[in-house]
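J.: Take a look at the letters that make up each chain.
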Amino acid sequence: MNRTCALFAAALALLVAPVAISSAWAQSMTLCRAKPAMLDLGTTLPISRKAIAEKKLLRIIALGSSTTAGYGVSNPAFAYPTQLRIGLEKALPGIEIEVINRGIGGQDVEEMAARMRAEMEGNPASLVIWQTGTNAAIRQMPLDKFEKTLRAGLKLGTSLGADFVLMNLQYVPAVVAAPDKEAYEKIMAGAAREYSAGLFRRYDIMRGWYDDGMPYAQFVQLDGLHLNDFGQKCIGKLLTRSILGALTGP
Amino acid sequence: MAAVSVRDIRLDLFRGLALWFIFLDHIPTNIVSWLTVRNYGFSDATEIFVFISGYTAVIAYGRMLNQEGWPRTAARIYRRVWQLYVAHILLFVAFTAQIAWVSIARDAPALIEEMELLGLGQNPYRAILEAALLKFRPVNLDVLPLYIVLLAVFPWVLPVLVRWPWAVIAVSVALYAATCQYNWNLPAYPDEKVWYFNPMAWQVVFHVGAACAVFGPGLSRLDRYRTPLTVLAVAFVLFAALIALSWHYNPLERLIPVWVSRVIYPIDKTNIDILRFLHFLAIAWLVRVAVPIDASALKWPIWRPLRRCGEASLLIFCIGTFLALSGQVIVGYYEDSIVSQIVVSMLGIAIMCVAAYIAAWFKGGGTRTPKRLPAAAAETAR
Chain Z
1 MNRTCALFAA ALALLVAPVA ISSAWAQSMT LCRAKPAMLD LGTTLPISRK
51 AIAEKKLLRI IALGSSTTAG YGVSNPAFAY PTQLRIGLEK ALPGIEIEVI
101 NRGIGGQDVE EMAARMRAEM EGNPASLVIW QTGTNAAIRQ MPLDKFEKTL
151 RAGLKLGTSL GADFVLMNLQ YVPAVVAAPD KEAYEKIMAG AAREYSAGLF
201 RRYDIMRGWY DDGMPYAQFV QLDGLHLNDF GQKCIGKLLT RSILGALTGP
Chain L
1 MAAVSVRDIR LDLFRGLALW FIFLDHIPTN IVSWLTVRNY GFSDATEIFV
51 FISGYTAVIA YGRMLNQEGW PRTAARIYRR VWQLYVAHIL LFVAFTAQIA
101 WVSIARDAPA LIEEMELLGL GQNPYRAILE AALLKFRPVN LDVLPLYIVL
151 LAVFPWVLPV LVRWPWAVIA VSVALYAATC QYNWNLPAYP DEKVWYFNPM
201 AWQVVFHVGA ACAVFGPGLS RLDRYRTPLT VLAVAFVLFA ALIALSWHYN
251 PLERLIPVWV SRVIYPIDKT NIDILRFLHF LAIAWLVRVA VPIDASALKW
301 PIWRPLRRCG EASLLIFCIG TFLALSGQVI VGYYEDSIVS QIVVSMLGIA
351 IMCVAAYIAA WFKGGGTRTP KRLPAAAAET AR
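If you're matching them up, the sequences are chains Z and L in order. Position 231 of the first sequence, counted from 1, bears residue number 231 in our numbering, the numbering being contiguous throughout. Position 193 of the second sequence, counted from 1, bears residue number 193 in our numbering, the numbering being contiguous throughout.
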């Protein structure tokens, strides 16, 4: 009995030791980062600035799919919309920050464009973060249809009087394996330019992590599609930085 | 009536192991969770738990159906469903109370805000109603509702299952396929949410487990193909391990051909991706080959805590879920230090084991050394 216990303990130690060592090494791989140029949204968020200056209030709608809803994170507060609210509250004392999470798992541009009016009239906001493109790329929605729907949504949304920031695809195995993912990205960048919306380049930011040697396990859930706790928190932090940059920049 | 069959120790042992894994995996930053199955392939402890639950459901109620007829058996199953429901609601209260207590004790408003995000703060009355309807389930409280739904349907499945197990497997697989194809799911709260473990998909694991119990010794027919099946299973488990390893090591990840990634991702958990199910079946087959029912190693005393935990599975599941939240708070308090992760994991498992031994002691009538009940009595007592 004693011997088996000792054997068991030894086996456990053997299993845990290399993991502990490699995880110490991996600490350097757990930094949340992005090149400053990546965080430039390309917009000055005029409506949000006005709301902050006049009403001391910034109301944001996070419109999106499962990443916005926070699928699979160990605490709903880790999802990027809440992280954004927490970050903005810290950075803008005295300003009331509200982030309304309107993420619905499995949706893409079609469903989101269809509920755009209802969402925006239900909660009049100065800024809409529209996270989209991932499900379209995975399901290979025809590119022209994607472009048409996205632009129609943006046109309607901006006409309802809010700033827009498009958040593009996530860099995860399921998306990387999809054909044409860059084409969806390009369409989003073009549409953002045309409607003077901001573009949060999530795909390039996350690709930067991967190219720097950060393994998928650090920022992706085991399904190869959704952001895990770290990925969500980091995107929330970087998005906060981007929006603050746009609000305070020239 | 057939002779009382030998109790299959493997069921309790591996269910206990799954419960330990679920506890370890539910602590978000936990180095000890490297020991759990999910890091080495596609499937995780949920599959083990649901499969064994299906298997033991047949063992517990199949004989009763034969001896006492359908009405009594169905009543018995619904009594069990009720126990599960009560346990779930109790766990829900204890779980949320723990969050409230921690946020008050630590004077951390951020935690109270997290509570709000759990859906309680905005509309507590509605949230409690939805919790009672199993539609509102804060993180990590998803497994019991799945089990409740599966067992609630079981009285209607069981009579068919004992006669035509293949028919049940066929219907179950068809429902699974249709669910994946048409994206069916049950509604949850808040309104746009769905069940994290989709019962219409996960039922396939439960029913295949149940059918295996009906086949019983008949499964030995598969031994004709023992070698090819084992080779296949080993190959698949190795493939899954390679993919899992690639998530940790980018140079290896770059070697995975794009067409392979295109086929395998995403590996959905809500609708249990076919890869997860196959991975579980491969592991189950290998365990069956490596650990026969009469393996002497099963009786080793070091496995006894695992078996005890598996025997009191509902109790240990609830305690484990509750403790995983405590563990998360404690590990967070010590800024994710590795020592805290190891200590919390070991303490948690120790508490689960003590609870399991106490449960066994109670079940044994409170005598000092619990004698194993005869198998039949033990099963009806469950």
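By construction, these hints were calculated from the structure, which means they are not laboratory data. We put the beta carbon where it would ideally sit given N, CA and C, even for glycine. Hints should not be assumed to be uniformly reliable.
[Stated by the list, open to error] With a Cα cut of at most 20 angstroms, we get these calculated EDC-like pairs of lysine to aspartate or glutamate:
#1 Z:Lys-90 x L:Asp-8
#2 L:Lys-193 x Z:Glu-110
#3 Z:Lys-237 x L:Glu-335
#4 L:Lys-193 x Z:Asp-144
#5 L:Lys-193 x Z:Glu-111
[Unchecked claim] Here are some chain L residues the structure puts well away from chain Z; computed CB gaps all over 12 angstroms:
#6 Trp-70
#7 Ile-99
#8 Ala-152
#9 Pro-228
#10 Phe-239
#11 Val-258
#12 Trp-259
#13 Leu-286
#14 Val-289
J.: All hints are to be evaluated individually against the structure, with a verdict given for each.
T.: Cross-check of the supplied hints:
1. Z:Lys-90 x L:Asp-8: violated (57 angstroms)
2. L:Lys-193 x Z:Glu-110: holds (18 angstroms)
3. Z:Lys-237 x L:Glu-335: holds (19 angstroms)
4. L:Lys-193 x Z:Asp-144: violated (30 angstroms)
5. L:Lys-193 x Z:Glu-111: holds (15 angstroms)
6. Trp-70: Correct as stated: the minimum Cβ-Cβ distance to chain Z is 39 angstroms, above 12 angstroms.
7. Ile-99: Since the minimum Cβ distance to chain Z is about 10 angstroms, L:Ile-99 lies within 12 angstroms and the statement is violated.
8. Ala-152: It holds; L:Ala-152 is separated from chain Z by about 25 angstroms at its closest Cβ, greater than 12 angstroms.
9. Pro-228: Since the minimum Cβ distance to chain Z is about 29 angstroms, L:Pro-228 lies beyond 12 angstroms and the statement holds.
10. Phe-239: holds (15 angstroms)
11. Val-258: violated (6 angstroms)
12. Trp-259: Since the minimum Cβ distance to chain Z is about 8 angstroms, L:Trp-259 lies within 12 angstroms and the statement is violated.
13. Leu-286: The claim stands: L:Leu-286 keeps its Cβ more than 12 angstroms from every Cβ of chain Z (closest is about 19 angstroms).
14. Val-289: holds (22 angstroms)
Hints 1, 4, 7, 11, 12 from the earlier list are contradicted by this structure; the remaining hints agree with it.
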